[in-house]
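Peer 1: Add chain B to chain A, keeping to what the hints say.
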Amino acid sequence: MSNTITIDGQTIPFQEGQTIMDAALAAGVYIPHLCHNPEFTPHGSCKLCTVTVNGRNVASCTMPAVEGQQIANNTDELNAKRRSLTQMLFVEGNHFCPFCEKSGNCNLQAVAYHLDMMSPHYNHFYPAREVDASHPDILLDRNRCILCELCVRASRDVDGKEVFGLSGRGIDCTLVVNSSSGDLVDTDLAATDKAASVCPTGAIIVKRHGFSVPIGQRIFDHKDISQVQLEAARKESGHE
Amino acid sequence: MSQCDSPDLSLKLAPIFQKHGRDPTKVLQILREVQDTAHCICGQSIDLIAEHLNLPRVRVAGVAGFYSFLAGGQACGEYRVLFSDNITDHMLGKAELMDYFSKKLWLEPGKVSEDGLVSVDSTSCTGMCDQGPAALVNGMPLTNLDENCLDLICELIRSRKPVAEWPPMLFEVQDNILRKDVLLGEAFEPGAALKATLARGARETWTEMDKSNLRGRGGAGFKTASKWSFCHAAIAEEEGHVVCDIGDRAERIMVCNADEGEPGTFKDRVLLNSYADLVFEGMTVGARVVGAWRGFLYLRGEYSYLLDKLEGVLQRRREQGLLGKNILGEQGFDFDIEIHLGAGAYICGEESALIESLEGKRGRPRNRPPFPVTHGYLGYPTVVDNVETFACAAKIALHGGEWFAGMGTAQSAGTKILSISGDCERRGIYEYPFGTTIRQILKDCGAEDPYAVQVSGPSGTTISWKEFDRKIAFEDLATAGAFMIFKRGRDLFQMARNFSHFFAHESCGFCTPCRVGTTLMQRIMDKIDGGHGTASDLEEMKNLGQLLKTMSHCGLGTSAANPVLDTLNKFPDIYEQKLKALAFEPAFDLDGALATARRITGRDDKEAHLGAES
Numbered sequence: 634m635s636n637t638i639t640i641d642g643q644t645i646p647f648q649e650g651q652t653i654m655d656a657a658l659a660a661g662v663y664i665p666h667l668c669h670n671p672e673f674t675p676h677g678s679c680k681l682c683t684v685t686v687n688g689r690n691v692a693s694c695t696m697p698a699v700e701g702q703q704i705a706n707n708t709d710e711l712n713a714k715r716r717s718l719t720q721m722l723f724v725e726g727n728h729f730c731p732f733c734e735k736s737g738n739c740n741l742q743a744v745a746y747h748l749d750m751m752s753p754h755y756n757h758f759y760p761a762r763e764v765d766a767s768h769p770d771i772l773l774d775r776n777r778c779i780l781c782e783l784c785v786r787a788s789r790d791v792d793g794k795e796v797f798g799l800s801g802r803g804i805d806c807t808l809v810v811n812s813s814s815g816d817l818v819d820t821d822l823a824a825t826d827k828a829a830s831v832c833p834t835g836a837i838i839v840k841r842h843g844f845s846v847p848i849g850q851r852i853f854d855h856k857d858i859s860q861v862q863l864e865a866a867r868k869e870s871g872h873e
Numbered sequence: 011m012s013q014c015d016s017p018d019l020s021l022k023l024a025p026i027f028q029k030h031g032r033d034p035t036k037v038l039q040i041l042r043e044v045q046d047t048a049h050c051i052c053g054q055s056i057d058l059i060a061e062h063l064n065l066p067r068v069r070v071a072g073v074a075g076f077y078s079f080l081a082g083g084q085a086c087g088e089y090r091v092l093f094s095d096n097i098t099d100h101m102l103g104k105a106e107l108m109d110y111f112s113k114k115l116w117l118e119p120g121k122v123s124e125d126g127l128v129s130v131d132s133t134s135c136t137g138m139c140d141q142g143p144a145a146l147v148n149g150m151p152l153t154n155l156d157e158n159c160l161d162l163i164c165e166l167i168r169s170r171k172p173v174a175e176w177p178p179m180l181f182e183v184q185d186n187i188l189r190k191d192v193l194l195g196e197a198f199e200p201g202a203a204l205k206a207t208l209a210r211g212a213r214e215t216w217t218e219m220d221k222s223n224l225r226g227r228g229g230a231g232f233k234t235a236s237k238w239s240f241c242h243a244a245i246a247e248e249e250g251h252v253v254c255d256i257g258d259r260a261e262r263i264m265v266c267n268a269d270e271g272e273p274g275t276f277k278d279r280v281l282l283n284s285y286a287d288l289v290f291e292g293m294t295v296g297a298r299v300v301g302a303w304r305g306f307l308y309l310r311g312e313y314s315y316l317l318d319k320l321e322g323v324l325q326r327r328r329e330q331g332l333l334g335k336n337i338l339g340e341q342g343f344d345f346d347i348e349i350h351l352g353a354g355a356y357i358c359g360e361e362s363a364l365i366e367s368l369e370g371k372r373g374r375p376r377n378r379p380p381f382p383v384t385h386g387y388l389g390y391p392t393v394v395d396n397v398e399t400f401a402c403a404a405k406i407a408l409h410g411g412e413w414f415a416g417m418g419t420a421q422s423a424g425t426k427i428l429s430i431s432g433d434c435e436r437r438g439i440y441e442y443p444f445g446t447t448i449r450q451i452l453k454d455c456g457a458e459d460p461y462a463v464q465v466s467g468p469s470g471t472t473i474s475w476k477e478f479d480r481k482i483a484f485e486d487l488a489t490a491g492a493f494m495i496f497k498r499g500r501d502l503f504q505m506a507r508n509f510s511h512f513f514a515h516e517s518c519g520f521c522t523p524c525r526v527g528t529t530l531m532q533r534i535m536d537k538i539d540g541g542h543g544t545a546s547d548l549e550e551m552k553n554l555g556q557l558l559k560t561m562s563h564c565g566l567g568t569s570a571a572n573p574v575l576d577t578l579n580k581f582p583d584i585y586e587q588k589l590k591a592l593a594f595e596p597a598f599d600l601d602g603a604l605a606t607a608r609r610i611t612g613r614d615d616k617e618a619h620l621g622a623e624s
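Which chain is which? The protein sequence lines are A and B, in order. Just so it is clear: in the first sequence, position 172 is 805 by this note's numbering, and no numbers are missing. Just so it is clear: in the second sequence, position 95 is 105 by this note's numbering, and no numbers are missing.
Note that these hints are calculated values from the structure, not bench results. The beta carbon of each residue, even a glycine, is placed where N, CA and C say it ideally should be. Do not rely on the hints blindly, as some may be mistaken.
Short, incomplete list of chain B residues facing chain A, as computed with Cβ under 8 Å [unchecked claim]:
hint	residue
1	G53
2	G120
3	K453
4	H515
5	T529
6	L530
The shape of chain A in the complex, shown without the other chains (with noise of 0.2 Å):
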């Protein structure tokens, strides 16, 4: 049981399958990200858990840890590209945290309170994004969509149902939906699914629960993101 990795000059233990990025929650080391759940198959788009190993830098959800790996990640030059990578997304969506739904529930907020984000820093590129609300309780509004394909994974992976796609290239990549028509309405897309459930941003919402927790007591209205999911984390090893 000598497996141990190094991040930031703290040494963690690991079991042989983890990746760093699960050796790290397990052992309440916060690295930042946005596309990984550790309820799913890792992703490694966002980038945002990038961190430096042995002088290289990789996606810590993707990377399994191996012994003796000499990890840097909480530093000024990683938190500042961390940062710059969040104001990417926001500026290549529409995201108005003042009257979305989501505002305090919201991963992607959160992690740029994180990060410090002050300004979007980029011109915005104000794309012309649709909006689904065909489903008589989903709504799917993809200005708010960061790509992750978490919704991907759960329709698919958890849910059987492969509601969910990405379509499109590059910077025109886009959100698709498994119906002939193209609307949400014509999937097998239910409100008890994972699916409808997983969206870490505004993108994905069931209906008539927008506001059912007030603003103020919303999961990150007290608490730094950070401290959520290392929670999170400790809640689910605990219950192992």
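Peer 2: Relative to the frame of chain A, chain B by itself:
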């Protein structure tokens, strides 16, 4: 009216479905043929394909939306003319010619004519830089375009003559081989390298490959023998490498990467056109060494005109006993090669994206580890090598490793085929021993007053006239083969801007830094080009460049900023002379924002512009 709307679509698609069966890895091949038949991929076709292959519709739609030639849900004309957009095409008048052609046909680029007859657009480099300006019409290559050619093409389109009946001289593609060395110079007898391999033994052939020090010719330069050994558990174990756990998946796959998408590169086109036996033989030698039964040639969509010819070569080789069961009479030596066509996606040149594409998916680079050599095509251990690498492998099997290692430099054995284009008298294919200087190459191809060379394409290195004593070699200037020459007086800013558009267009969109960063870069370059750039934009591009280099998922992202960073570093004046002399310049272009209003009102007079009085 697009033919897509016809009610008998399923009848029309039936032969395509029949040809490809129900194998889900054939999605991309089916979509390609549907596009060719119906000139678009409409929702109904996607329904039919999904039903036929028993795939979720969303997956088929995802593939259809990824590849440029599939055009997603957008229709294109019965005649689809795509002008090659590389900087070398621009230097030969691409923009003016495309404009001339569009006006002649009363067309707006990117739109289909009212009668659905024709559409005109740009496409990434078609690999004809030595005979540009180039274009594709319904997948067939057009070279050396000029106004006369385009007049004729207009007539042919208007008279609705099928492309197959157009004068063949329009589609003439020259090899333009101007310097031959060991690969291109000597005649090759099909089967000779395989006979030598069988006589020597598979393990011993691997040893020769190892001795040869052959490194991959696609640019990255990984040692070929090592890659092959990783794929072969037994050799890996003997060599002390990590042994791949293939479990019950004993099958191995040999893939030839002919997705020659790097703008300015066209040597694989020539190798496949005139040296296909050498390439296929190299693949078969590799198959013998690693124990592969299946091979693929991933041919870029732009080269689909070579398909019939290559299928012919494969068929002949089967008849000669050089492919198929019991090759050359050797019991149990079974190997065959299938050709898989790409559909306009540069990213598929990245080996794991190529494998995804082979599986009929969106060309998205995979997370690594695991690496393709242990978990590649459908999870099987897979070797992916460049066209030229396989050609070298065949020669090594024939002549031995020491012979090969004796050429070139210490770390770069053998020769390198260069695709030379741009400002020189003799554009074409040149094979040089590694270690040759840029100066020598420029002299040989007749470059007058050269100022800069883009080595290895947009993802490579921009070198200035001060660096012409540098050498083509992995230890100095590594190259996949592109060599674009710019004479004094050329606007290198336009080169860098062209490349920034290329990367933004070709980014797969998977990771944040590349998806957004390449677009930001392109927008800043356009802003500077429009006369609105400031010093802070240059700083911003340097920061973006660092972000792309250090945070991207794959090589496309990490190299996407190279042309901008290199030119900022070596030719700062090309930027500075374009900057506004103001300390502050609004990011928002007020006058530009009125462009739509001007178009709607049909006005373009002075009064319709802001700040026109100044």
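Peer 1: State for each hint whether it applies.
Peer 2: Hints versus structure:
no.: 1; hint: G53; in the structure: holds, 6 Å
no.: 2; hint: G120; in the structure: violated, 14 Å
no.: 3; hint: K453; in the structure: violated, 40 Å
no.: 4; hint: H515; in the structure: holds, 7 Å
no.: 5; hint: T529; in the structure: holds, 4 Å
no.: 6; hint: L530; in the structure: holds, 6 Å
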